[in-house]
Amino acid sequence: MKKKSFRGGVHPEYAKDLTSEAPIKTLIPPTEVIIPLQQHMGAPADPIVKKGDYVRMGQLIGESNQVLGAKVHASVSGEVMAVELRPHLTGRSVRSVVIRNDGQDTPAFLERNCDPIQLSRAAIRNRVAEAGIVGSGGAAFPTVIKLSPPDDISIDYLIINGSECEPYLTADDRMMVEYPEDVILGAKLLAKACDAERIIIGVEENKMQAFHSMHKHASSHGIDVVLLDAKYPQGGEKQLIKALINREVPSNGLPFQAGVIVHNVGTALAVTQACRDGMPFIRRVVTISGAGVNDPSNYWVRLGTPFKEIIATAGGFVGEPGKVLAGGPMMGLAQFDLDVPVIKGTSGITVFRREDSKPLDPMPCIKCARCVDVCPAYLLPTRIEAYSMNAMWDESVEYGAMDCIECGCCTYICPSKRFLLQWIRLAKNEIISAKRRQTE
Amino acid sequence: MSQLIVSPSPHVRDEDTTQKIMFAVVIALCPVWIGSIYFFGFDAIRLVLLASLAAVATEAVCQKMRGKPITIWDGSALVTGMLLGLNVPPTLPSWMIILGSIVAITIGKQVFGGLGYNPFNPALVGRAFLVSSFTLPMTRWTTPFDGITAATPLALGSLGVEYADLFFGVIPGSLGETSAFAILIGGIYLFYRGVLDYRIPLGYLGTVLVLTTLLGQDPVFHLLAGSLLFGAVYMATCMVTTPITPRGRWIFGIGAGVILVVIRLWGSLPEGVTYSILLMNALTPLINRWTRPRIYGQGVKTSA
Chain P
52 MKKKSFRGGV HPEYAKDLTS EAPIKTLIPP TEVIIPLQQH MGAPADPIVK KGDYVRMGQL
112 IGESNQVLGA KVHASVSGEV MAVELRPHLT GRSVRSVVIR NDGQDTPAFL ERNCDPIQLS
172 RAAIRNRVAE AGIVGSGGAA FPTVIKLSPP DDISIDYLII NGSECEPYLT ADDRMMVEYP
232 EDVILGAKLL AKACDAERII IGVEENKMQA FHSMHKHASS HGIDVVLLDA KYPQGGEKQL
292 IKALINREVP SNGLPFQAGV IVHNVGTALA VTQACRDGMP FIRRVVTISG AGVNDPSNYW
352 VRLGTPFKEI IATAGGFVGE PGKVLAGGPM MGLAQFDLDV PVIKGTSGIT VFRREDSKPL
412 DPMPCIKCAR CVDVCPAYLL PTRIEAYSMN AMWDESVEYG AMDCIECGCC TYICPSKRFL
472 LQWIRLAKNE IISAKRRQTE
Chain B
643 MSQLIVSPSP HVRDEDTTQK IMFAVVIALC PVWIGSIYFF GFDAIRLVLL ASLAAVATEA
703 VCQKMRGKPI TIWDGSALVT GMLLGLNVPP TLPSWMIILG SIVAITIGKQ VFGGLGYNPF
763 NPALVGRAFL VSSFTLPMTR WTTPFDGITA ATPLALGSLG VEYADLFFGV IPGSLGETSA
823 FAILIGGIYL FYRGVLDYRI PLGYLGTVLV LTTLLGQDPV FHLLAGSLLF GAVYMATCMV
883 TTPITPRGRW IFGIGAGVIL VVIRLWGSLP EGVTYSILLM NALTPLINRW TRPRIYGQGV
943 KTSA
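Residue numbers (our numbering), protein chains in the order written: chain P, 52 to 491; chain B, 643 to 946.
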């Protein structure tokens, strides 16, 4: 079978076999959940509960009338202990609702539909918004916004992203193996909601069990399941679109401008659960893996569960931990406080041992151009790095800093162990804040 | 509990390092060095060792004077020394090769800021210095094995030289340049090691082959005689001084090929590898600027 691919990218050690055969177990909900009112890319929600209130599982606790807002729900039933700033995996403190779990899981779900595909386009969109669904692949963009492109745009492809190119993570893989019918129903609901003509599901070749599982269930629905080269960042939206249908998203644009909408496998599953079972986005599959944890596995985790609970359930640390990452090793955020909770975009926790977390000492750039060869956005990362180090922001823009997708391939491949991406991020931040100052 | 380590993503890195790359070049130069010892005997050991030692020592002294950390273990000065040592005639006096190495590292590399910042290939800077300062010793060639003074095939023209002798290196010439066979072994290793980008050598050699054929010359002779192959595999592929864009690398190779043919056929020098590469080194920043790749999504219109 011919595999689809894109230009650039790297082949890190995937280490997926640590958890790829681990069925998704249910993590016992903790005695206290911390639910941040910001769990996605966009505006934070405002709390609609206060200390002392009793909330039920699935009850709305945060709401936003901003365009990029997303609703937030209680993931357990119990008493609201506090609405206050709590550590968040971005490193900041975020206003969060702390709920003491009464262990009853008394539900307050939305209405069920035994045949959700009969729902109208508007009803699906509405349900997706009501359930607070955001992209579960990591960037956590509100799903309903993606489903509502401008009226003059016609969407011909809905792509379901099952590539899961980030090393260690197997959450999407397991969902495709264990819930193929629900993923496909979710894909059909999403396609209906954005009027997409065709559905393609892309799966990387290192997940053959998931590929066969999806293929078996998708063919009767006229959905294509396509095998992708196992290469990072195959799951980047722009790279996935290029690989599957050979289109490019315009610079600074969004996929709908190429007539495509991309959703993650986990998002499709959440849509099914919202539309059919009436369940808001209150739990997700989290992979816990890495050499630094005793029993790597996959879990259904209630949102708001602190990292330390998951690490403890997975057998605790092996020796002394070095790094604990929210996500995988290529794009994950290193944590310093294990009280941070799982949020909607947390697809995994990766734990490195102390000896695998050695600090690096960068050497001068020798212009080997490996960063140029691997950049999936076709940039010259070494040039942008040099401009950024010299505070040359105009040149950084000219060389495409804003087109950087922050995949980290340049930094991964650099033989001089330079922090290329970090310098490019700095340039992006400087450029964005300069623009903001100009408009003010 | 002990503190967790926080650093920006990505948290995993490829295993290859700049030091490993430099030592890969050292390994790739070994067949060439062994070949030169076979053909030219002790002089090959003497010149390459002296050049390498002088280069590494100069690097250390320069870094000490600049108050920078001593980084001689990165292997880059060793590479420069070996390249220079293999690029001189076997009869060159010892003090000259030492001086050449000192110039290569100071003027060719450290004055620009050291590793990664030199615009010109340091070994070629050293060689150009030696050729212009000590023209006679730098062009006093000897035959392999018996060491009788003789002219190089390039200076004589193609008459009376067997291709096999050219290929295996049984000809007068600089220590490392004579044996195409040994150079190819090193080149193939570098290619499979992922250190050598094929575009520059192919563009360089291909241009020379095509142009010499068109101009009625013997292309195989031009390929094997002189230091073209050595230059194409070890000098024109120096990462620091060549373009970073794929198209730029083709342009670099082709440009060097054109300059080489012009010097060989119409210039007053019999050989032009050094200057063809140095001239293209000078153009590298401009080539990088002209050959920026199209960025993903640029020039793409919204499909309605």
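I should point out that these hints are in silico values taken from the structure, not numbers from a laboratory.
Note that beta-carbon positions come from the ideal geometry of N, C-alpha and C, so glycine has one too.
Wrong hints could be hidden among the right ones.
Claimed, not checked - What follows is a set of in silico ranges between Cβ atoms, one per label pair, in the way DEER data are often shown: (1) 835/B with 260/P: 33 to 41 Å; (2) 710/B with 114/P: 25 to 33 Å; (3) 119/P with 900/B: 49 to 57 Å.
Evaluation of the provided hints:
1. Checked against the hint of 33 to 41 Å, the C-beta distance between residue 835/B and residue 260/P comes to roughly 35 Å, which is consistent with it.
2. With their beta carbons about 58 Å apart, residue 710/B and residue 114/P fall outside the hinted range of 25 to 33 Å.
3. Our hint of 49 to 57 Å for residue 119/P and residue 900/B holds, since their Cβ atoms are close to 56 Å apart.
Hint 2 alone, counting from the list given before, is not met by this structure.
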